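**Q** Line by line, the protein sequences are chains W and D.
Numbering-wise, the first sequence is residues 1 to 488 according to our numbering.
Numbering-wise, the second sequence is residues 1001 to 1160 according to our numbering.
Hints listed in this document are in silico derivations from the structure and should not be mistaken for laboratory results.
This one's a predicted model, so the numbers in the text were calculated from it and none came from an experiment.
Beta carbons are placed, not taken as given, at the ideal position from N, Cα and C, and that holds for glycine.
Warning: the hint list may mix true and false statements.
[What the hints assert, rightly or not] Subject to a maximum C-alpha distance of 27 Å in a straight line, what follows is the list of computed DSS-like cross-link-like pairs (lysine-lysine):
(1) D:Lys-1098 - D:Lys-1160
(2) W:Lys-315 - W:Lys-142
(3) W:Lys-211 - W:Lys-142
(4) W:Lys-474 - W:Lys-457
(5) W:Lys-437 - D:Lys-1113
(6) D:Lys-1070 - W:Lys-428
[Said to hold, decoys possible] Sample of chain W residues lacking proximity to chain D, with all beta carbon distances greater than 12 Å (derived):
(7) Leu-16
(8) His-25
(9) Asp-68
(10) Asp-178
(11) Gln-241
(12) Asn-265
(13) Gln-303
(14) Phe-444
Letter by letter, the chains look like this.
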Amino acid sequence: MRAIEENYYARLGIPLDATPDELRHAYREAARRLHPDTNPEPFAHDIFIQTQQAYDVLVDPHQRASYDADLPPDLKIPPDITFDTIYSREDLPLLAEPQLLYVLITINAPEEQKNEHTLPANTCLVVDSSTSMQGVLMDTVKTAAIEIFRSIHPGDVFSLVTFNDYANVVVPSRGEIDPKHVETTIQMLSASGSTEIYKGLQAGYLEVKRKLRPQQTNHIILLTDGQTYGDESACLELARQAADEGITISTLGIGEKWNDTFLDNLASTTGGICKYISKAAEIRKFMNGSFHSVSKSYAKGIQFDAVLQPAVNLKYIYRLLPEASPLGIDLPIQAGHLPVGCVFSFLLELTIDPLPKKLEHTKLADCKLALNIPSRAVPCYTLRFSLKRPIGKRSAGSRPAPEISRAISRMTLYRMQERAKEEAASGKINEATISLKYLATNLFSQGEHDLAKKVMKEVALLESSSAISEEGKKDLKFGTRSLNFDRR
Amino acid sequence: MIICPNCQNPEMPGAVFCQRCGTNLDSLLQSQPSAPSFDKMYKSPSEQAPMVNISLSIMDAGQVLPLLGKNEYTIGRISLDQPVLPDVDLSSYLAYEKGVSRMHISVRISGRKVTVTDLGSINGTQLNGKKILPNQSYPLDHGDTLTLGKMKVQVLIREK
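If we strip away everything but chain D, and leave its shape as in the complex, we get (with noise of 0.2 Å):
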């Protein structure tokens, strides 16, 4: 079984593009004899309910973005060319002058605890202005400030 990286559906291996989302899935032709199944991977035990809120303020634009109805969200900007599309697309705040990537980061939430990931962005990203390596997580506590590449975001986590 192959899982889409966009929709998390599952595949057989050899598929070629996603049945559901249309996603090129070249990368993960290889198979994967010994991958962890659909459940094990998006239904561990280690996975809980969000019990937190989290919202993201844009600082330049004074806006405030919430994130809703998730454990895990994309961010980025849309551009007409795109296969993969983040959850949050930050596009209408600049975002392409400012060198956000099209799939910039990731903010996961597992019961309390908020993580963030660079997915690998031209521009990369800042915690507290500290770059962060990229493909690896990092806890966010409420009030973190992160920069994608030259926009800043502020984080604010509310107890639900």
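Bound conformation, chain W alone (with noise of 0.2 Å):
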């Protein structure tokens, strides 16, 4: 058992500068999670009884203050990271009609610190084993998950769920870790039976549940090929749930079948990533990349949430670090993790509304990043900030800086793929082709040459059997994903 954490904030999961509400509701959140009649593990109850306890005396303005002033000061000391944002104008004109505004933010993480410990990670791996997985698909996932499975530290704590109609448990999270016997028991998998991705899920998210800490990464990888009949919705509902208690999900589409929409759902749900992996050779790269930084997160489950003035609407919100992906627009948002030395940035399209004549400045929403940051003794951090501009009378020639212009740009590239495939998708062919047509030409205008043939590929079939391949969809989706996004 883990020593309960020292200071009553961390206990509680909040930030120094939590507000009454947060801590409420943290507190009810905590309750929920550790009372003794729904959590059976004996260190529940005591870090219960501990949560109680801290509760009580932060509730109280008086004895928060006094215990405030106790905490050694370095506590105080914020994190080591950068904050900023930037906005696609100088200035708001006054104008008859709505307007777009652009938010770009970002968070830069500090480098790894030699002596920082990395704390231990409880990942669950979730493997698709039904009869669609036969053949090259299955060797692909066995692969994929060898190397998922190679990638845990020793003293991590790691569990192996496989299903089809139903899960199985090969290894539990609470048991010893034989490599030899888990390995051997990946490569012994054989494909049968149909795909309930519920199913798996569930048996996964009981396994993290089940040596869950606030403190470390708790992470579920899904591998799967499938397509899940009917039960997407309780999956979502799973993955609301996980993300509520700090689990991330992470999902990895092997082959051209997969569900993509569905699966970028439930990792976007809990912050995690979705990735498509066509070839075995592809695993590796994968490993390396995006699942590596998940385990070595410098601040996890970021969440964003915003009060918007009426005035102003949301209309989208892009990610563009570590990994792009649509986040969404249901406030709050999960909206991922930050890798030790890396960036964490995000794009909002806004509309604002006329607005009123004879204002000098308008506030256009009070926003919040809350993040947390497990070297830290209080590991939950909130950025409180508004989102502000000047009224302008019609500022000369104010360009947007290029960092947040090709940031834009990238979004647009994403959307028109989307758009394109909507337009498949509902009958307008010839509209489609054009939004493919457009697409290509701004790849090839920014030397994405590979991609744009793939869409050019995409045009050719559409004109000849009115559709989008399957594989073309996700080469789409994904490729336009995964374009650089330098931020020099």
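Two chains, two separate frames, one set of hints: put the complex together.
**A** Structure (structure tokens):
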């Protein structure tokens, strides 16, 4: 059993400047998770008592003030991150019509400290072994599973679940890990039955939850080729619950047939990553990149929330780094993680209704970015900031900074392929063809010749068979997402 | 409202890239509070459906390119790093070697009237041997010769 966090803020998982509302919310969450009635683990009872004690002190303003005064001063030093917002324009003109504004938000993480110990990760690998995985796909999955397993550090918690119409916990999270046994089991996997992702996911979730610690990386990696039948909403519901409890789900789609929209939703709900692997050879690359970075987070469970002014509407959020992906617009948003020494950045698209006259400044939104930085004594840290702009009289020739311009360009390319796919799906073949041609033109002009050629291949296919291929859909989606976003 | 110069998609003021064709709208970033609406600009009463067919005869190559289906055509050449594409691509007729710009001229048809506008090309455009000013429209008649850089093109106009 690990030591219980020594300060009350860490115990409750809240920042030093938590508002009374945030305090109450955190307490209720912890109570729900740790109450002896719902959590039979022996450690849960102790932690529950400790949490109660922390809450009783912090909820009383006088006791909280004197508790704060006694905290060691180094706890109050803000984390070593740099935070920046860039707007697409310097001021807002007073217009009689709605207008667009983009805001690029970035956080830089500090480099890895040499003496910093990496926190143990709690990873569950959930592997699809349904009939459709037979042959090459199964081999790909086995290679991927073994690569993922080998990237697990000694001391980490690891569990393995396979599933088809039912789930099978091959390596439970509380057991000892025998590497030979695990690798042999993976090698011996054979394909049978149908795909029911929910079963596998639920088993994986229970394994991770059994060893759940707020301060470590709790990660489910789902490896599947599969379309699942009828249990999508149950899976998404489970993902939301997992996100609430600090569990991230990443999804790795194998082959051409998998349901990318669903797996993408599943991952983004929890701030995880969704990747497409068409060949076994690509797996190692991903293992060294994205998945590695999830387990080497400086900050995890980044959550973005905003209170928008009535005239302001949030239209789109697109994360650029560390992994490009749309984030959905239902606030608050699970925005992912920040790897050590890396950058986290996302772009907001806002529309602003006509503004009243005689205004010099306008506040657009109050925002909150909550980070969980496990290496700190008080892991939760919240950046609170407002988005505001002066009202301008048609500022002369102000162009957006190259950085945000490039970010908007990346987002535009991603949305262009989404648009083309929607048009093709609703039978507007001509529009879809034109959209894809525009996309190809843009990709060629940016030197992305390989992806542009794939787009042109789909144009030809669209013209001859009135549909975009399944493989093409994924190539376009993940191709436009993985376009290099160099901030300099 | 701002209008994308490439695909005529209407966008909100403040748009940085056209959502439809991806064109960078930086230069249009300024709001245009009194800008004419899409309909006014592109479907004004003076605009008439084309009543003539136009072809371009590439004189050195002896080839004729018919222009079909629109009332305005941009003519130039396509190269790799180019966001905005002309409707008519002359690159297979050694356009680069002959100094044709990527967006060199536009030809517009309204009723029986045909006009040409140089789109600010690097090497300029001559109409029957006389240089024309950029961004101004000049009337075209059947048999007129346009010189784009050094490439000679004859304009053929026929009643529909």
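**Q** If you test the structure against every hint from before, which numbers come out violated?
**A** 1, 2, 5, 14
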